[in-house]
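Chemist: The chain contents come next:
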Amino acid sequence: MTIGLNEYLILSALLFVVGFFGVLIRKNTLVIYMCLELMLVASTIALVAFSRFNNTLDGNVFVFFILTVAAAEVAVGLAIIVALFRKRGTVQVDELNALKN
Amino acid sequence: MANLLFYLFSALTVGSALAVVLHKNTVNAALCLLLSLLGVAGVFALLDALLLSALLILVYAGAVVALFLFIVMLINPEALPQKPYKKISVFAGTIAAALLGLGLWSFVSRSGFSTAPVAEGVFAGGLKDYGAKLFTTYLLPVQVVGFLLLIAMLGVIVLSKKFEAQEDVE
Chain A
43 MTIGLNEYLI
53 LSALLFVVGF
63 FGVLIRKNTL
73 VIYMCLELML
83 VASTIALVAF
93 SRFNNTLDGN
103 VFVFFILTVA
113 AAEVAVGLAI
123 IVALFRKRGT
133 VQVDELNALK
143 N
Chain B
189 MANLLFYLFS
199 ALTVGSALAV
209 VLHKNTVNAA
219 LCLLLSLLGV
229 AGVFALLDAL
239 LLSALLILVY
249 AGAVVALFLF
259 IVMLINPEAL
269 PQKPYKKISV
279 FAGTIAAALL
289 GLGLWSFVSR
299 SGFSTAPVAE
309 GVFAGGLKDY
319 GAKLFTTYLL
329 PVQVVGFLLL
339 IAMLGVIVLS
349 KKFEAQEDVE
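Going down the list, the sequences are from chains A and B.
So the first sequence is numbered by my numbering: it starts at 43 and just counts up by one.
So the second sequence is numbered by my numbering: it starts at 189 and just counts up by one.
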């Protein structure tokens with residue numbers, strides 16, 4: 043069996059679902075953030091696969107931009123988590139319930 | 189050979205991603221994330237996106253995972269008190285993830301992508317082609333992304349500074 047577009051898309055979907063599962067069940071903000079990164083990377087696999095199978099470079103250039111934005115996003119997100127930790131002394135999401143009640 | 193490599197990289201990617209989700213220790217989760225990203229870089233190489241594969245290793249594996257490890261060691265989440273998982277929320281999360289997976293799978297299997305032929309012609313994915321695209325069609329996005337990086341850098345500095353100043357006042 044040769045590897046076609048379908049196999050790449052299924053890999054992308056599988057990685058996305060694993061990341062989504064992690065976002066749903068984990069309580070540590072840092073691990074949730076790692077799982078968000080996994081979901082982002084999973085979507086880039088689909089873009090690169092579509093780009094390759096349509097024989098165009100545009101999808102690859104999009105992924106290039108996504109990588110840049112992801113790097114900026116991680117820096118800002120981790121700074122927010124550190125600021126939150128300084129303020130509240132925890133990174134567990136079930137402790138961060140300031141908006142409750 | 190390419191098939192074998194695809195299955196190898198896929199197993200590495202998804203297996204390490206599962207380890208990120210299920211591992212209790214946050215440092216080990218970050219290292220598993222690194223392994224998963226290396227698998228994704230391999231998949232990119234199989235798709236003839238060699239520049240992206242190198243960039244993914246440089247930016248993600250080099251910078252992002254290092255930053256994650258740095259913050260994990262700074263915060264040390266293992267030392268914090270942790271509540272046990274509720275069974276019902278784990279069950280609901282599993283169901284939701286399974287539903288999302290089924291939805292995506294049904295989309296892929298009904299779309300007829302498997303019968304779509306690869307477009308003809310040689311795939312032009314060299315550094316020269318990227319440069320030509322980035323400096324003609326995508327010139328404005330390049331400028332915007334550069335500006336975004338500057339704003340993110342300034343934002344991180346502000347975020348890290350402000351709270352210190354407030355604590356001093358208190």
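In case anyone wonders, no lab produced these hints; they're calculated from the structure.
Small disclaimer: the values here were computed from a predicted structure and weren't measured.
Incorrect hints may appear among the rest.
What the hints assert, rightly or not - Among the chain A residues that face chain B by a calculated CB cut under 10 Å, a handful are:
#1 Val59
#2 Phe62
#3 Thr71
#4 Glu79
#5 Val83
#6 Val103
#7 Val105
#8 Phe106
#9 Thr110
#10 Val124
#11 Val133
#12 Gln134
#13 Leu141
#14 Lys142
#15 Asn143
Said to hold, decoys possible - Calculated pairs, DSS-like style, for lysine-lysine (alpha carbon to alpha carbon, straight line, at most 27 Å):
#16 Lys212/B <-> Lys271/B
#17 Lys275/B <-> Lys69/A
#18 Lys69/A <-> Lys321/B
#19 Lys129/A <-> Lys69/A
#20 Lys349/B <-> Lys129/A
#21 Lys316/B <-> Lys69/A
A virtual CB, placed ideally from N, CA and C, is assigned to each residue, including glycine.
Chemist: Against which earlier hints does the structure fall short, listed by number upward?
Modeler: 13, 14, 15, 18 and 21
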